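Asks: With the sequences and hints as input, model every part of the structure.
Single-letter residue listing:
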Amino acid sequence: MLEEKHNIKAWFYLAPALVLLIIFTFYPIFNAFFLVILKDFNYLQGTYQGFTLTENFVHVIRNQNFAQAMINTMLITFVSVPVSVVIALLVSVWLNAIVKLRGTFQTIFFLPYVTNAIAIGMAFAFLFNRDYGLINTAMGWIGLNPVNWVGLGATWRHAMFSLLVYVVWGGMAFKIMVFLSGLQSIDKQYYDAARVDSTKRSRIFRKITVPLLSPMIFYITITSFIGAFKAYTEVIGMFGQRLGPAGNDRALITVVALVYDALDRSGVPGALSEAAAASIILFSITLVFTLINMQVSKKRVHY
Amino acid sequence: MEIKLNNLTKVFQSKKQEETIAVNNLDITIPSGKLIGLLGPSGCGKSTTLYMISGLLKPTAGSIFFGDDDVTTVPPEERGIGLVFQNYALYPHMTVQQNIMFPLENLKVPKEEAIKQAQDIADLVGIGNLMNRKPVQLSGGQQQRVAIARALVKKPRVLLLDEPLSNLDARLRLQTREEIKRIQRETGITTIFVTHDQEEAMSISDEIVLMKEGIAQQKGAPQEVYDVPTNLFVAKFLGTPPINIFDGEIKGGILYVGDADLGKSKLKDQEVVVGIRPEGFKVVEDSSFQAHVEFVETIGRDTTLIIKDPHTDEKRTFRAIVDADEQIKPGDNIKLSVKPHKLFLFDKKTGEVLK
Amino acid sequence: MSKDIVMYGDEKANRRKVIIRLGIVYALLVAFAVFIIVPFYWMVLTAFKTEIQVFTAPPILWINPINWQFSNFALALERAPFARFMGNTVLVSIISTVGTVITTVFASFAFARLNFVGRDLLFMLLIATMMIPGEMFVITNFLTVVRAGWIQDQTYMDAVLAMTLPFMTSIFYIFFLRQTFKQIPNELYYAAKVDGTKDLQYLWKVMVPIAIPTIITITILNAMGTWNAYIWPRLIAQREEFRLVSNGLRDAFVDDLAGVVQYNEQMAAALLVTLPLLIVFLLLKKYIMRGVSRSGIKG
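Residue numbers (my numbering), protein chains in the order written: chain A, 1 to 303; chain B, 1 to 355; chain C, 1 to 299.
Each hint can be trusted.
Derived PhoX-like pairs (lysine-lysine); straight-line CA-CA distance at most 20 Å:
#	chain 1	residue 1	chain 2	residue 2
1	B	Lys58	C	Lys17
2	C	Lys182	C	Lys193
3	A	Lys207	B	Lys108
4	B	Lys155	B	Lys34
5	A	Lys188	B	Lys58
Hints listed in this document are in silico derivations from the structure and should not be mistaken for laboratory results.
As the structure is a computational prediction, the values presented were derived from the model and not from experiment.
Replies: This is the structure we're talking about:
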């Protein structure tokens, strides 16, 4: 090596970031695992009634909303991620196929990335309003009956559908950007070569574009899964702290919401440990799916 | 398959509406079953010509015939050509076999048959044992062969190669160019390749087409073009070391370079450009062409003399290749004579050869 | 021979096919653009409706600009101190962004340029941490902030500290900037060393200027992140006037039990919150879009 080690100097440069990371990232991770084994921890007094391995997890799982939260989170993830990845892939291929107006379209498609999730969530809620919203009006044009999507007494099914539309809408911008830049980095010669060899368009897409883009698709899928498991602000934006349509409170509760619900009750003994347990459950889900994804990708991704 | 280019022209238009004529009225016929080198400096329009033949670029004017078929407006996928790209454009996610079979699958060749054909062609180019590798696991030369195999597997009417050797190192280049020649001979497919390397073109082409600024300068068998250049550009472009250029003058039927007498000429009195191939000099006992040797490079059987040119410009040097047996040291003053068939005269204004 | 005519026919058919295909692509893109724009349009339209117009069925789809109801904005501003929220948000973003950039630049420099014991191990550790959901930190960070005394009898200073300090560095940005720093050729560093340049000088005079596009991207994305932050500010802000825009907006418009809201005022407020972000985006489009597509950052 050309350079000797600069230990002291390096730690000096690292110190500001490292101190903050230790206090606000590393310590909290360990502490989450510590909190979760405390019985009836009261942070105001700093007291607890001994240790437990399972009790806090049991509290979370026994929570009347736990099953609903799991179902909702999984549904949001497994619907919104594939749908938005596929649409984003198609849109970026279309974008890549045109020259005129590409920049304009790109800017428009990027807009959801730079909006406030709460503000636009509220707009979505009103879009889906039964009597005064645009969605039902548009459905009326093609002869469909109005649906109570998000209003008083709206069913879980309808509210969930509205939420999914919003989540897909919001998640597209980032994916389109990444795919488009991926497409543009593919050597044009592959397409010339395929053309000379009389390859059909659909086959070019399946056999050349998708495989060459597969590292990006993989990356996007993983980050989107992780992001979707944490769905929460979208629900807040559309439905507020009630986490569901009026009269159907908490119908759209998610796993993250369990963490914050518990945190909102922080004064109650044991609540923080419950929050920690919920966050560890969330972490485990994320971890498992990331590992599965990585296994799958070993076969499917071409670097 | 004979290929005919009639008045082929390609004009590129920049965003600012500026026009660049990449290929200008190209009018050549490429005989069937031959290996043709399109040669020229970068920007001469040789690659543009190749891509027009492939159909990936549309000509601005003129037409292209494959035999009797006018293919000018036929899209590339229907022309029946094989194209080898400069960077090979091998699909990185496919194995060698999948790469070679790709064109066959497009043509809906049954799988068994496709595998067999791919194997045959891979054997022909000498990569039959690498079928399960991915392109990244291959050397440059092997990738090159895969690219050629992929282009040949669908039995194209015409094989086009864009700078096929430019990404290979010097040794592989020698080996691969022989290989291309062999494959072309065995398959008998009319093959056009583009290169900026004159040695490469000279060594394997049946014919070369030398281009400059979109215009074909000369076409013919390599040695013929070397021996009988039609203009100064052709003479300068071919040959290593390059031809030596002097300002000369014909006075009273005698050709002079400075005060050196280089023999009789039938041309009328005028100023001319004199080109003498480095191998066109002989060291002699007596001549008015005197020279001062500055450096001597002996490589194998040849000795290259780097000589100060005393006749026109004191600072300029030129090269002469003489037999290694000649005992010449730096600092020697020698006398030279010139072999008449290695000397060319060019018009001072147009650069056309004078005969 | 008739072959020429056939070829000509093929050419024409080909061109027609290309035009049709391109037409379909544009049509699909326009349709998708409509899908993206509709929520924005709905927000703007509603923000300018009178109460009667809001509650008209079927809804009014276009309002002449002369009849725009600007008073909605005044009403929204009366309902909650949005100007104050925005001021808070701007302050918090500036502080956390400046902090983030400083800590990130130093840490990235160490990772990219200096050789020290445990560098790769530490870096791996940081990367692994990126996978852990933020919810896991929030719990303890809340406790930390409480222990620091920033929650009880909260002063403005307490609130600002609590909202900024935990976000003054980011593993992702360190990772991102390190990538940029690593692309700077080592020769520059050795040349500077030979000339007697100190590390800090080199960082400041050579690396930072070269990496400025990345640093700008980090700045913008971090500021945008603050503008969107909802969860943490909601936990921290103990008084209404300490809120940031997201939770300020959400809490200003809680629907009644029947799920009904003053939509025109709500949308006016939403528009107020959205607009600054859109303006910044349109001004700095190049940096934001390039940065996002190059790095694949998830905000």
